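Single-letter residue listing:
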Amino acid sequence: MTSISYPTRLPQTLAQKLIARAAGLPQVSVGEVVTCQVDLAMFHDSSGPRRLKPMLDALGAQIWDPSKVVLVMDHYVPAQDADAKRIVQITRDTALEWRLPNVIDSEGICHVVLPERGHLHPGMMCVGGDSHSPTGGAFGTYMFGIGATEMLGVVVTGEIWVQVPRTLRMQWTGQLARGVCAKDMMLHMIAHFGMNGGQYQAVEFSGEAVMALGMQERMTLSNMSAEMGAQVGLIAADDTTCAYLRAVGVSEDALQNATDWQSDAGADCEDFHFDAAGLSPQVAAPHSPANTRDVGDYADVTLDVAYIGACTGAKLEDLRAAAEVLRGHSVAQGVRLLVAPASARDQAQAEREGVMQVLRDAGAQVLPNSCGACAGYGATFEEGARVISSTARNFQGRMGPASVQVYLASPWTVAASALQGRISDVRDLL
Amino acid sequence: MKTSRVWKLGADVDTDALAPGAYMKNGIEVIAQHCLEVLRPDFAKGVRPGDIVVAGRNFGIGSSREQAAGALVHLGVRAVVAPSFSGLFFRNAFNLGLLLLTCPEAELLQDAEVVTLVHAGVQRDDGTLLACHPIPDFLMNMIHAGGLMNVLKRRSQGNRHE
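One line per chain: the protein sequences are V and P, in this order.
Note that the working numbering has the first sequence beginning at 1, numbered continuously upward.
Note that the working numbering has the second sequence beginning at 1001, numbered continuously upward.
For the record, the hints were derived by calculation from the structure and aren't laboratory data.
Note that the structure is predicted; figures quoted are calculated from it, not measured.
Just so it is clear, CB atoms sit at the ideal spot from N, CA and C, and this is done for glycine as well.
Please note that the accuracy of each hint is not assured.
Here are a few chain V residues that face chain P, going by a calculated C-beta distance under 8 Å [as the list claims (entries may be wrong)]: (1) 57; (2) 61; (3) 62; (4) 64; (5) 152; (6) 248; (7) 376; (8) 397.
My request is simple: use the sequences and hints to build the entire structure.
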C-alpha cells in the first residue's frame, strides 16, 4: 500500500524478512503497512465454514486457492448436543462443496495437526482463524490469528494487510532444571510483560535454552505469544526444525534455505534476557495467565480436577512428562485427572511408548483429541471447582461457571499436583 | 453532533467476557444477550444504540472470536474508548465496522457520563477534549463502509460492472 524507496539495505529482523518476502519487497520498515500474499489459511469448525459460507455465498465469491486452505475440526467434536451436531454437519458439508483437499476431522487440535501433517515450513506467510495461530512461528513461519470476516477477505483475495511490527527478542541462557519446561518459561514471560505487553509486536525466542527445546516445546512458546498480545512468536529454524519437518514429509525443496530465515546481526530488536537455570516451576492463579508466581507460593491450594489438555499442554512431549511423574503412582483421593491428548498421532505414539497406560494406571480419564474444556465450548467444570490445568488461558468463566478457579501450570506440575491433591513442586518428586 | 452515554469497565476485558464460550454455538443475537454478563450483568439489557464503552488498558484480549466485537455491534455500541486494545480484537472490530478509539486518558471518563465523539477524540460536557490516536485512512474507510464485508461487496460489484 505504501511505497518507500530504500537508499541502503538495513539489517532486518526475521519478522521483517518474512513480511518482505510475502509483500514482494526487498525490505520493509517497522510501522509500514504492506499487503502480503498468503501461503496458507487455516480455520476450524468454529471459525470456519459456519461463519464463512454465508458470507462467501452473499458475495457470490470463490475460494482463491483451495490447495492453500487447511480445515481442522477440533472445537465442536465429538458433537455433544444438537447445536454442535449442526455446526459439525455444516463444516463437513461445506468441505465437500468447496472441494477442500486438506481436511483434518477429529484427529487433533489445529495448531498441533497443522505442522504434524507437514503444512508449515520456514519462510511462509500464514493466517489462522484462531488466536493461538502464532504456534506456527515455532517453524519460522509468520503466522497469526484473524477473525472470521478477515478470513473471508483472505479466502476471497489471497491477501492480508500487515503493519510491520517491532521485534522483542527473548534471549534465554542457561539450562532448565529437570521438571521445568517451555510452559514455565512462557508463564514467566507473560507475568513479566503482562497480558498485552507484547502490544501486537513480533516476539522472537532465542538463546541456548530455547534452541535446546524440541519442536513441541518450542510450539508452546510460540503459541502463548498470543497471551502476551504479540502478533507472532517466531523461532529461527535450525537442525532440530529441519529434522522434525523432514520426518513429517516436508520436501527438501521447501527446506532448501530453511536456516537462512534468521534475524540479521545488528537488526533493530529490543532485547530481553532470561536465565533458564534459575527458573522454578510457574503457576498462574485465577483469572489471568499474567497472574503468575513460583509454584511454592500456591502450595496451600487444594484441588478437585487436574486437566492435561490443549495445544499448549497435551502434546506427546507433555504426555511423556506427565507419565514420568505419575509412573507407578495413583492420583490423590478426591482429585479427577483428565487427559485430552492434543492429537490422535501423539496419542498413538504415547500408546506405543506405554505412556498412555501409565496415565490410565494412575487414574486418568482419557478424553477425545479435541480442544475440549480449554475452549470452554463443550464439557466444562462444575460450580466452584478448583482446577489445575496445562492449558493456555484461565479467564473467568472460560472453562465453566464464573466460580470455577483455574490455575495454569506445566504438565509436570499438573501431574505432581494430581498426586498430592494440592499444588505441588514437581522437583520434589523427581 | 450526537451524544453518547458511557458504560465504564475496568482493564483487561477479555473476549470470554464479551462473547462467552458457552454461547458460541449460537447466533450473534443470543451471544449479545450475554455480552459482559460476568462483569456488568446490567449491560446487555441496559445499553442503547449510540452508547459507548469506555475501558482500561488491554481491551479485547484473548480469543480471535470476532463475535466479541460483533456482540457490541449488535447491541448498537457506537465505539469503544480505551488506552490500549488487543491487536487481534482491533483488526476484528474494524472489520465489523466497530470504531475503536485509543485514548490514553480514557479512564478519566465516568460511568453514565454523556460525551460527544468528535474528529480528534472524546469531548466532555465541560468542553474538555480527551485526545485519541489518529486512525489510518484505510481503517476509517472500513468504518464508513460498515465493515470489510461491505468493502468486499463493493469490490465484487465493481468487478462485475467493468
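A quick look at each hint next to the structure:
| no. | hint | verdict |
| --- | --- | --- |
| 1 | 57 | violated (12 Å) |
| 2 | 61 | holds (6 Å) |
| 3 | 62 | violated (11 Å) |
| 4 | 64 | violated (12 Å) |
| 5 | 152 | holds (7 Å) |
| 6 | 248 | violated (25 Å) |
| 7 | 376 | holds (3 Å) |
| 8 | 397 | holds (5 Å) |
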